[in-house]
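Peer 1: These are the residues of each chain, in order.
Protein chains: 2
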Amino acid sequence: MEKSACRHRLNAISDALYAIGGKWRLQIIVAMLEGTNRFNELQRSIDGISSKVLASELKDLELNGFIRRLVIDGPPVIVQYELTGYSHSLTSVLDALYEWGAQHKVEVKKGFASSQPVLNNE
Amino acid sequence: MEKSACRHRLNAISDALYAIGGKWRLQIIVAMLEGTNRFNELQRSIDGISSKVLASELKDLELNGFIRRLVIDGPPVIVQYELTGYSHSLTSVLDALYEWGAQHKVEVKKGFASSQPVLNNE
Numbered sequence: 020m021e022k023s024a025c026r027h028r029l030n031a032i033s034d035a036l037y038a039i040g041g042k043w044r045l046q047i048i049v050a051m052l053e054g055t056n057r058f059n060e061l062q063r064s065i066d067g068i069s070s071k072v073l074a075s076e077l078k079d080l081e082l083n084g085f086i087r088r089l090v091i092d093g094p095p096v097i098v099q100y101e102l103t104g105y106s107h108s109l110t111s112v113l114d115a116l117y118e119w120g121a122q123h124k125v126e127v128k129k130g131f132a133s134s135q136p137v138l139n140n141e
Numbered sequence: 020m021e022k023s024a025c026r027h028r029l030n031a032i033s034d035a036l037y038a039i040g041g042k043w044r045l046q047i048i049v050a051m052l053e054g055t056n057r058f059n060e061l062q063r064s065i066d067g068i069s070s071k072v073l074a075s076e077l078k079d080l081e082l083n084g085f086i087r088r089l090v091i092d093g094p095p096v097i098v099q100y101e102l103t104g105y106s107h108s109l110t111s112v113l114d115a116l117y118e119w120g121a122q123h124k125v126e127v128k129k130g131f132a133s134s135q136p137v138l139n140n141e
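Chains as they are written, first to last, in the numbering used here: chain A, 20 to 141; chain B, 20 to 141.
Isolated chain A, as found in the complex (with noise of 0.2 Å):
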């Protein structure tokens, strides 16, 4: 691969990574998957997230149109957050990491015993 395609496609990856990255927002989308939807409901699920860290990563999770936030009138006033038809287009990203963590497992468990230097110009 020439160098500038090379770093137009690390660019790429680098951004999914930032978008889905991190230590919480999987961890959000996961938790929103099963049905938790508001705000104090979140920061329970989730084991260790401050409320200004699940703000932040909230606000996020909406700019990169994975969630949607949504304020309904009361009394009282109840503001949930949806997920929108958008996230679902992460499922083969998801599937991708899943399928490869999961046997990344085992070979940190084997200890890469079989694994073989290949020459970087392959």
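Incorrect hints may appear among the rest.
Put simply, identical chains are the same to the list, so a pair is met inside one copy or across any two.
Straight-line distance between alpha carbons at most 30 Å, and here's what the computed DSS-like set of lysine-lysine pairs gives [as the list claims (entries may be wrong)]:
(1) K128 <-> K71
(2) K42 <-> K124
(3) K42 <-> K128
(4) K42 <-> K71
(5) K42 <-> K129
(6) K78 <-> K42
(7) K71 <-> K124
(8) K129 <-> K78
(9) K124 <-> K78
(10) K129 <-> K71
The set of hints was computed from the structure by calculation and includes no laboratory data.
Starting from the known structure of chain A, arrange chain B on it as the hints suggest.
Peer 2: Quick look at chain B alone, frame taken from chain A:
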């Protein structure tokens, strides 16, 4: 999906993100794909990485089986790094991240005007 299966899946995905995530790891792998193999060369080719961080990241990449460290007797003694065959197991993950990341950039620019909320139990 049941809650325990969902958690198991999340753990595998987190393992994968941990192995390849962060600011530097993919950049190091890409630099090695481009033919950069020695410590000083790697540090020069990756903008902003300190020698301490590079050493730590190379160690982690080695522990994860993606690279191997070779010491070639001298004088001078030469230390260089090679991608392993196992590093190629990342191909499907990187392909999925690349495709999604490239598409995501387009969606971010469009502002997600067409994203639809979905129900959690869908």
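Peer 1: Hints broken by the structure, by number, lowest first?
Peer 2: none
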